[in-house]
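Asks: What follows is the residue order along each chain.
There are 2 protein chains.
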Amino acid sequence: MKLDNYRIIEGQHLKLSELSTEATDKTSKEEAAVRKAALQLQLFNLQERLFAEDQQSLLVVLQTRDAGGKDGTIKHVFTGLNPQGVRVTGFKEPTELEQRHDFLWRVHAHTPETGMISIFNRSYYEDVLVTRVHGEIGKKDTEQRFEQIRAFEKALESRGTRIIKFYLNISSDEQKKRFQDRLDNPEKHWKFSQNDLNERKFWKEYTLAYEEAITATSTATAPWYVIPADQKWFRNDLVLQILLKTLEEMNPQFPVVDFDPKSIVID
Amino acid sequence: MKLDNYRIIEGQHLKLSELSTEATDKTSKEEAAVRKAALQLQLFNLQERLFAEDQQSLLVVLQTRDAGGKDGTIKHVFTGLNPQGVRVTGFKEPTELEQRHDFLWRVHAHTPETGMISIFNRSYYEDVLVTRVHGEIGKKDTEQRFEQIRAFEKALESRGTRIIKFYLNISSDEQKKRFQDRLDNPEKHWKFSQNDLNERKFWKEYTLAYEEAITATSTATAPWYVIPADQKWFRNDLVLQILLKTLEEMNPQFPVVDFDPKSIVID
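Which chain is which? The protein sequence lines are A and B, in order. Under the numbering used here, the first residue of the first sequence carries the number 1, and numbering increases by one thereafter. Under the numbering used here, the first residue of the second sequence carries the number 1, and numbering increases by one thereafter.
Don't take every hint at face value.
To be verified - Now the in silico label distances, taken between C-beta atoms and shown as ranges: (1) A/Lys204 to B/Arg100: 52 to 58 Å; (2) B/Lys262 to A/Lys140: 32 to 38 Å; (3) B/Asp260 to A/Ile9: 44 to 50 Å; (4) A/Lys232 to B/Arg35: 41 to 47 Å.
Since the hints were derived computationally from the structure, they do not count as laboratory data. Note that beta-carbon positions come from the ideal geometry of N, C-alpha and C, so glycine has one too.
Chain A on its own, in the form it takes in the complex (with noise of 0.2 Å):
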């Protein structure tokens, strides 16, 4: 599978209506659940590397629309890791105190520190996202905000943190399925949210938001990828593979130490 075809080039500007939401490879669903346990390995030993080496850190976006499969992504991509290494952070409506501050101030406490991989379970792009299509803010600000973000983005990068970010897209059609899935079935009557259907009526809008913001910031080091989302199992082998081949480029290494460990005795 060519992972650099859902990859959004620097200066490419995105139309999601020239991209699939479905299974485009000819990857097969059972082809994906065979290798599932070895590519987890695979993310499990890297992390492992990555936690003792401590000198970078993996930050990795989340954003899509309601029921876009954030959740379950996490899920089943994630999970497996070892969680001393890794942290979700979820950002709902900005507190009262979030919003006395910058958008950025309340995701730059949570961005990872050496050694760790922090998620983000929707993030700052939701404050170029539903702000932009309520109109809360303009085009002006949101372009200042794009200028914003990459800065920031690049001031990690300075430090040593590596950016991917996700947009799981997702068809209309596929959206309505799965708020029906979660009326009908109890167990996920938790996850409805009267306000998805509201948000719903706003499709184009987010469409074209969504378009604007990841055409202003998928650069070369913290690039975007726009994952076909409709098949859960072609989303999460998707997800999985290029987590892996990013932290593979990543190399991290088991640190080499100071001292001669032949010369110390135990008592």
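Chain A is already provided as a structure; the job is to place chain B on it using the hints.
Replies: Leaving out everything else, chain B in the frame of chain A:
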């Protein structure tokens, strides 16, 4: 296996020398390996309910001597949980800022919110252990801290946080073996610290400090378990079972919603 055998009853005066650091049960290593996957799946499902219910939380405190197996327990028992619902916090030497506060200040910020499991890799108990061993606090201050700890834990419980505390009980020989293993294995060099050898000289003082602290703070609702921890498989199996039993007692439920799912139509 009778899990209560490992629990310190409120008022019981703990003598570590009377407790074995070795697997005391007839459970075989093979049997533990066979049941591990099933127990972890149960744990995963209970965690999902805890997260969905969003009313209670669980705090797991891990304490032991150096090389006692905190990291290994986290790796082997908690890997497999959904990282969205679990958070590990390690407490090292307090920073300058932390030292300018009472000893519970820095840990309070990391207690679990509703729906979450928090694991403390070391904890506020260090402030009645390492400080006590090195004479930084006297008997009177230590007893005051015990009282503060009991009050703190009670306050957490009253807000729905269940607390379980594990002391991983290893022998001096086993610690020596593990230190040597860290020296012999290049991938473990980074875990070796000269300071651990210095602390090893205070073996007996730590024994006393642990006995005092556990005796003073094992309560009906925030119990200590002393886990024979020389054999890693036995330790992991026992911690996993105690966790599971605790979550079963908490009995989290998927929430019942206050709307009629059948009445909702999705456009």
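Asks: Now tell me if each hint is right for this structure.
Replies: Hint-by-hint comparison with the structure:
no., hint, result
1, A/Lys204 to B/Arg100: 52 to 58 Å, "53 Å, holds"
2, B/Lys262 to A/Lys140: 32 to 38 Å, "46 Å, violated"
3, B/Asp260 to A/Ile9: 44 to 50 Å, "48 Å, holds"
4, A/Lys232 to B/Arg35: 41 to 47 Å, "29 Å, violated"
Going through the hint list in order, the structure does not satisfy hints 2 and 4.
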